[in-house]
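Participant: The residues making up each chain are set out below.
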Amino acid sequence: MPIHQTIEGSFQLIGGNFSNAGDASIELKQKLTELGFNADIVRKAAIVTFEAEMNVIIYAAAGWLRYYITPEQLKIIVEDMGPGIEDIDLAMQDGYSTAPEWVREMGWGAGMGLPNMKKNSDVFKIDSVVGEGTTVEMIMYIQ
Amino acid sequence: MTINTIQEILEATIVSNTEDIDTINIKGACSADLMSDVLYYSSQDFLLITSLIKPQVIRTAVIAGIKIIVFTQDKKPDKDTIELAQQKKIPLLVTSFCTYTASGKLYQAGLAGIQKK
Ligand SMILES: Nc1ncnc2c1ncn2[C@@H]1O[C@H](COP(=O)(O)OP(=O)(O)O)[C@@H](O)[C@H]1O
Ligand SMILES: [Mg+2]
Chain A
2 MPIHQTIEGS FQLIGGNFSN AGDASIELKQ KLTELGFNAD IVRKAAIVTF EAEMNVIIYA
62 AAGWLRYYIT PEQLKIIVED MGPGIEDIDL AMQDGYSTAP EWVREMGWGA GMGLPNMKKN
122 SDVFKIDSVV GEGTTVEMIM YIQ
Chain B
11 MTINTIQEIL EATIVSNTED IDTINIKGAC SADLMSDVLY YSSQDFLLIT SLIKPQVIRT
71 AVIAGIKIIV FTQDKKPDKD TIELAQQKKI PLLVTSFCTY TASGKLYQAG LAGIQKK
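Just so you know, the protein sequences line up as chains A and B, in that order.
Under my numbering, read the first sequence as residues 2 to 144, first letter to last.
Under my numbering, read the second sequence as residues 11 to 127, first letter to last.
Chain A on its own, in the form it takes in the complex:
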């Protein structure tokens, strides 16, 4: 299906809501598949949104996941109201995690979420204010 104008949408995310955790990313993945994107881009986009979605659910009070699809690129912005990140360089390191034990028991807290987002996107930006929240912006180019 050719894309002529910007296709956009958003999902609201609620902190601590593990029972639906991942549904926004799965829905976006479905949409990208229906739009006919190649499987590799769909998979990468799904991974980065899933990691960003999980961080909001694990660390923040609430947030929004927004996407903008044009013929050239897919942009994903995940913004939350939460504690923010004090040291972004440290948070970006492979394996760094402050996730508590109960989160690890659910399969999260490997400290690879932000690195996975960076690895699978063409442009990765993160901005955070302690006590206010965090915004992650990711762009994937579509050739």
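No lab work stands behind these hints, which were simulated from the structure alone.
Treat the hints loosely; a few may be bogus.
[Stated by the list, open to error] Straight-line Cα separation of at most 25 Å, DMTMM-like style, residue types lysine to aspartate or glutamate; simulated pairs:
#1 B:Lys64 with A:Asp95
#2 A:Lys120 with A:Asp90
#3 B:Lys99 with A:Glu28
#4 A:Lys119 with B:Asp47
#5 A:Lys45 with B:Asp55
#6 B:Lys85 with A:Glu102
#7 A:Lys119 with A:Glu28
#8 B:Lys98 with A:Glu35
#9 B:Lys64 with B:Asp84
#10 B:Lys64 with B:Asp88
#11 A:Lys32 with B:Glu93
#12 B:Lys64 with A:Asp24
[Stated by the list, open to error] Chain A stretches covered by chain B per the calculated footprint, using a threshold of three residues with CB under 8 Å from any CB of chain B:
#13 30-44
#14 107-115
C-beta atoms are modelled at their ideal positions from N, C-alpha and C, and glycine is treated no differently.
Using the hints, position chain B with the ligands against chain A.
Facilitator: Chain B with the ligands only, in chain A's frame:
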């Protein structure tokens, strides 16, 4: 590698089946209990070996394109996890081998690991 071969090698029981189960062709595998590690090593058409029996594993499978999940140490997923797997069409196997042994057996039978990219 087909599901039949995998089931035989791991002496596994199928706890969630799908219609297209016989058409699945697994190209590689990884074993992990933390989902971001799974997402890091995942690639298309692969198999996940894990001892974590949570619905999170099914959602991760949908995201990452995991075709089959093998639960080790005889850990049986609960009803919710099985229901979600059926809804998302992800076959689930349970083996009594531990993660190390299950991985080793499949590797020895020629199923490659996912290369670090
Ligand atoms: N949205 C967020 N709000 C507050 N802190 C965050 C957020 N995202 C990430 N962090 C911090 O950065 C760390 C690393 O994040 P990540 O790479 O996703 O690994 P993990 O979530 O497995 O810990 C987290 O443990 C947490 O301390
Ligand atoms: Mg994370």
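Participant: Each hint should be assessed against the structure and marked as holding or not.
Facilitator: A quick look at each hint next to the structure:
Pair hint lysine 64 of chain B plus aspartate 95 of chain A holds up; C-alpha atoms about 24 Å apart against a cutoff of 25 Å. For a cut-off of 25 Å, the pair hint linking lysine 120 of chain A to aspartate 90 of chain A stands: about 15 Å separates their Cα positions. Our distance criterion of 25 Å between C-alpha atoms is met by lysine 99 of chain B and glutamate 28 of chain A, whose separation comes to about 15 Å. The hinted pair formed by lysine 119 of chain A and aspartate 47 of chain B meets the criterion: a straight-line CA distance of about 14 Å does not exceed 25 Å.
Between the alpha carbons of lysine 45 of chain A and aspartate 55 of chain B the distance comes to roughly 14 Å, so the proposed pair stays at or under 25 Å and holds. Our distance criterion of 25 Å between C-alpha atoms is met by lysine 85 of chain B and glutamate 102 of chain A, whose separation comes to about 20 Å. Distance hint between lysine 119 of chain A and glutamate 28 of chain A is fulfilled; the C-alpha atoms sit about 21 Å from each other, no more than 25 Å. Distance check on the hinted pair: lysine 98 of chain B and glutamate 35 of chain A sit about 16 Å apart at the alpha-carbon level, within 25 Å; holds.
Between lysine 64 of chain B and aspartate 84 of chain B the CA atoms are separated by roughly 14 Å; this keeps the pair inside 25 Å, and the hint holds. About 8 Å separates the Cα atoms of lysine 64 of chain B and aspartate 88 of chain B, which keeps this hinted pair within 25 Å; it holds. A threshold of 25 Å between alpha carbons decides the hint, and for lysine 32 of chain A with glutamate 93 of chain B the separation of about 23 Å falls inside it, so the pair holds. At most 25 Å may separate the alpha-carbon atoms for a hinted pair to count; lysine 64 of chain B and aspartate 24 of chain A meet this at roughly 15 Å.
Counting residues of the region 30-44 of chain A whose beta carbon lies closer than 8 Å to any beta carbon of chain B gives 4, which reaches the threshold of three, so the coverage claim holds. With a threshold of 8 Å between beta carbons, the proposed coverage of the region 107-115 of chain A by chain B holds, since 8 of its residues qualify and at least three are required.
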